[in-house]
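Note that the protein sequences, when read in sequence, are chains A and B. For the first sequence, counting from 1, position 259 maps to 259 in this note's numbering; every step adds exactly one. For this note's numbering, add 334 to where a residue sits in the second sequence, where the first one is 1.
Calculated directly from the structure, the hints in this document are not laboratory data. Nothing here was measured: the structure is a model prediction, and the numbers come from that model. Possibly wrong hints are sitting among the right ones.
[Said to hold, decoys possible] If you only want the chain A side, here are some residues facing chain B, beta carbon under 8 Å, derived:
#1 Ser64
#2 Gly70
#3 Gly72
#4 Tyr80
#5 Asn106
#6 Val114
#7 Asp170
#8 Arg198
#9 Glu202
[Claimed, not checked] Label-pair distances were calculated between CB atoms; the ranges are:
#10 Gly556(B) x Asp35(A): 24 to 30 Å
#11 Ser508(B) x Asp35(A): 40 to 46 Å
#12 Leu643(B) x Val208(A): 26 to 32 Å
#13 Leu643(B) x Gly79(A): 26 to 32 Å
#14 Glu419(B) x Ala262(A): 54 to 60 Å
#15 Phe199(A) x Arg554(B): 28 to 34 Å
#16 Arg554(B) x Gly79(A): 16 to 22 Å
Note that beta-carbon positions come from the ideal geometry of N, C-alpha and C, so glycine has one too.
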Amino acid sequence: MTELRVRERNVSMAISDAIALEMERDERIVVLGEDVGRMGGVFGTTRRLQELYGDKRVRDTPISELGFTGMGVGLAMAGYRPMVELMFVDFIGVNLEQVYNAMAKNHFMSGGNVRMPMVLKTAGGCIGSAAQHSQTLWGLFAHLPGMRVVVPSSPYAAKGLMASALESDDPVVYIEHKGLLLLRGADFAHGSQVPDERFTIEIGRAAVVREGADVTIATLGANVRDSLLAADELANEGIDVEVIDLQSVVPLDADTVAESAARTRRLLVVDEDYLSFGLSAELIVRVLDRVGLSGLDRVERHALPDVPVPAAVTLEKAVVPNAGSIADAVRRLG
Amino acid sequence: LTSLTDHFRLMARMRAFERCCLEGVPTREIHGEVHLGIGQEAIAAGMAGLLRDDDAIVSTHRNHLHAIVKGVPLRPLLAEIFERESGLCRGRGGHMHIFDPAHNFSCTGIVGSSLAVAAGYAYAAWLEGTDAVAVGISGEGGTNAGAFHEVMVMAGAWRLPLVVLVENNRYAISVPIDRVTATETIAERAPVYGAQGVCVDGTDPEAVAEAFGQAVERARRGEGPSIVEATCYRFQGHYEGDTDHYRPKAEKTSAYEARDPLMIARRTLSERGADAAELDRIVDDAEAEMAALLAEVRADPLPTADGALEYVFAEATP
Chain A
1 MTELRVRERN VSMAISDAIA LEMERDERIV VLGEDVGRMG GVFGTTRRLQ
51 ELYGDKRVRD TPISELGFTG MGVGLAMAGY RPMVELMFVD FIGVNLEQVY
101 NAMAKNHFMS GGNVRMPMVL KTAGGCIGSA AQHSQTLWGL FAHLPGMRVV
151 VPSSPYAAKG LMASALESDD PVVYIEHKGL LLLRGADFAH GSQVPDERFT
201 IEIGRAAVVR EGADVTIATL GANVRDSLLA ADELANEGID VEVIDLQSVV
251 PLDADTVAES AARTRRLLVV DEDYLSFGLS AELIVRVLDR VGLSGLDRVE
301 RHALPDVPVP AAVTLEKAVV PNAGSIADAV RRLG
Chain B
335 LTSLTDHFRL MARMRAFERC CLEGVPTREI HGEVHLGIGQ EAIAAGMAGL
385 LRDDDAIVST HRNHLHAIVK GVPLRPLLAE IFERESGLCR GRGGHMHIFD
435 PAHNFSCTGI VGSSLAVAAG YAYAAWLEGT DAVAVGISGE GGTNAGAFHE
485 VMVMAGAWRL PLVVLVENNR YAISVPIDRV TATETIAERA PVYGAQGVCV
535 DGTDPEAVAE AFGQAVERAR RGEGPSIVEA TCYRFQGHYE GDTDHYRPKA
585 EKTSAYEARD PLMIARRTLS ERGADAAELD RIVDDAEAEM AALLAEVRAD
635 PLPTADGALE YVFAEATP
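With these hints in hand, go ahead and build the complete structure from the sequences.
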C-alpha cells in the first residue's frame, strides 16, 4: 500500500474536501441547503463546491427546510444521492416529518424496494448560543429507526465519515460539532493529520483514541477532545484513562466499549446530549449485556442534565460536559 | 387520445377495485385504516395516457386510483393493501405506503408531505435535462400545510417540471374548505408562485384530461409548475369506519346522484349514442376482473413473524 499524503486540516476543510472528492467520483451527489452555494456554508463546510460543480448540483435553497428535505427524499427515490444540509440540528423541528417519516422509513415501508441514499448533514453542539442553537440531539435520531447517525470528533474522522456517509445506501445523519468547526487543525491532539486522498471510515466502528488501564471513557463529538485533555490532566494524578470515540451512534459499537470496560472495570459515558432516555443509558445497558452485571466495578454517566442550554457562560459551564467536568467525573469514579 | 368510453371503462375498473378493498374491511383482512376514492375516479382517470413511465407520481393516503392510472400492477397493489407477503412492499407498507419504483409511483400517509417529494423528482428531471415531469397529488386539505407554500416557492423560482394535482373533495376529514380558507379555489394561489392555476370539474374525466394534459405539456416544455384543481365529492367517509356525521345527509344523497362520475359519464355516453348493454358489459367485466383478482390475493400468505425485523436498513450492520 502506498503512503497517503497527509497534512494538517481543520474540520471544516476536511468536510468540504471529502464532499468535493465524492462529488467528483459520483455525479449523482447533489447538495441542497441554505447558504451552501455562494457562501460555501456558514461554517465553510461546502466551500468551493458550487464553483466546482455548478448551481444545480449545489443549490442554495430558500428557508424552506421541510420542502427541500422532502425534495431530497424525492431525489433519492429518483436515483440521486442528495446531501441535504440543515444548518443547525436545533432546526429539526421544522423538517423532522420528512426525515423520520420518509427518509428513515421508505426503505422499510417499501419492503426493501426503495433505496434511500441520503445524507442529512447538520451542525450541533455548544458554542455559547443558548437553548435553541446548542443542542446535539443525536439521541433523538438514534431513537427513530432507519437512520445511521455519525458524529465526527476530528478532522480525520470528519473526512472519512463523510465519504462513508455519501457512499452509503442508507440514510445517514451526519452531525458535525460547531465547537470543533471553529478550531484550527493544530488545536487537535488527535486526528488533525488528514490524507489528501479519499478514504472511508466504516460507519459503526468505534476508535480507541487513547489507551489506558484504569478507566474507560466512551464518548463522541467534541467531548472526545475534552476527554483527551482530561486524560492528560488525570495522568499527572496517576489515573490512566482509555478514551473511546464512538464515531457513530447508529450502529453503536458496544463491543469495543465492552472489551475496554471489561479490562478497566470502570466505565464513564460522556455525552453532550441530554442525560435521560438517551445514548448514555443505552450504551451502558448494551455493555452490561456483554460483560454481565458483575463485569464492572463502577459505571457512571456525565451528560447534559435534562435542562435546556442556558445563555450565561457561568450557567453553560455548569451543565455542558467539558474537560474539567469530565476529569471531575473520572475522579468521582474512585 | 383517451375516449370517454375508455375513461368510463377505467373508472368502472377503479370503482370495482375500491369495492374489493371495501370487502377486506369487515373481515379485518385490512386491519387498519383504509381511505377509498369512490366518487373521485374521474380525476385519476383523467390522467390516463398523459404520463410516461419516466414521469413520477407522488400521491396521498387516498392513492389507489392514482397507482392504477400510473400502471402499477394490480395484483401486487391489491396484495399490499391486503397486507400480503406478495404485495408490492411485502406487506410492510400497507395501503398508505405504496412504492413501485419501476413505475415511479409512491405515496405518503402524511397529509401535506407528498408535494415536496414530487418536487424532488421534478428536480431530478430538471438536473438531467429530460422532459420528464413529476405529479404531486394533494387533497385540498393538504394544500393548507406549510410544505405546499415551500414547494410552490421553489418550484416556481426554479421552474421545475411539477404538476400539483389538487383533489378538492371539499372536506379535510370534517372541516369544510370554505371555513378555513379565504379564496374560492386553491388554483387561484398559483400566480403568486409564478405557476399556472386552473380549477376544473373533477367529475368529468375529459375536463380533467384537458387541464392536466396542458399542465403536463407546460412542464415538459420547461415552463414551470402548475396547479390543477379538480372538484369532487368523497362518497365514503374519510376512512372506512368514519361515522361521517359531519356531512348533512341531504348533501350526501344529492352528491351521490349529481356528482357520481360514473353516472355522469354513462349519461353523456348515452347522449352520444352509446349502447346501454355495452356500458353494462363494461361494468360487468370490470367487476369480474376485480373479483378474480381479489380471490387470487386472498389465497396469498401473510408475512411470517420471522421477517418482522427485516428491511430497516439496506446495508448490513458491522
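Outcome of the hint check:
Nearest Cβ of chain B to the Cβ of Ser64(A): about 4 Å, under the 8 Å cut. The hint holds. Among the interface hints, the one on Gly70(A) holds; its C-beta lies about 2 Å from the nearest C-beta in chain B, closer than the 8 Å criterion. Annotation: interface hint on Gly72(A) holds; nearest CB of chain B at approximately 6 Å, less than 8 Å. The beta carbon of Tyr80(A) is positioned within 8 Å of a beta carbon in chain B (closest approach about 6 Å), and the interface hint is therefore held.
Restraint check, Asn106(A) versus chain B: the minimum CB separation of about 7 Å is within 8 Å; hint holds. For Val114(A), the suggested interface contact is upheld, since its CB lies about 5 Å from the closest CB of chain B, less than 8 Å. The criterion of a C-beta within 8 Å of any C-beta in chain B is met by Asp170(A), whose closest approach is roughly 5 Å, and the hint holds. With a least beta-carbon distance of about 19 Å to chain B, the hint placing Arg198(A) at the interface is violated under the 8 Å criterion.
For Glu202(A), the shortest C-beta to C-beta distance to chain B is roughly 6 Å, which falls under 8 Å, so the interface hint holds. The given range of 24 to 30 Å is respected by Gly556(B) and Asp35(A), whose C-beta atoms sit roughly 27 Å from each other. Judged by the Cβ atoms, the range 40 to 46 Å given for Ser508(B) and Asp35(A) holds: they are separated by roughly 42 Å. Range check, Leu643(B) to Val208(A): Cβ separation about 30 Å, and the 26 to 32 Å hint holds.
Taken as a hint, the range 26 to 32 Å holds for the pair Leu643(B) and Gly79(A), whose Cβ atoms sit roughly 27 Å apart. Checked against the hint of 54 to 60 Å, the pair Glu419(B) and Ala262(A) fails, with Cβ atoms roughly 42 Å apart. Checked against the hint of 28 to 34 Å, the C-beta distance between Phe199(A) and Arg554(B) comes to roughly 43 Å, which is inconsistent with it. With their beta carbons about 20 Å apart, Arg554(B) and Gly79(A) fall inside the hinted range of 16 to 22 Å.
Hint compliance for this structure: hints 8, 14 and 15 are not met, and every other hint is.
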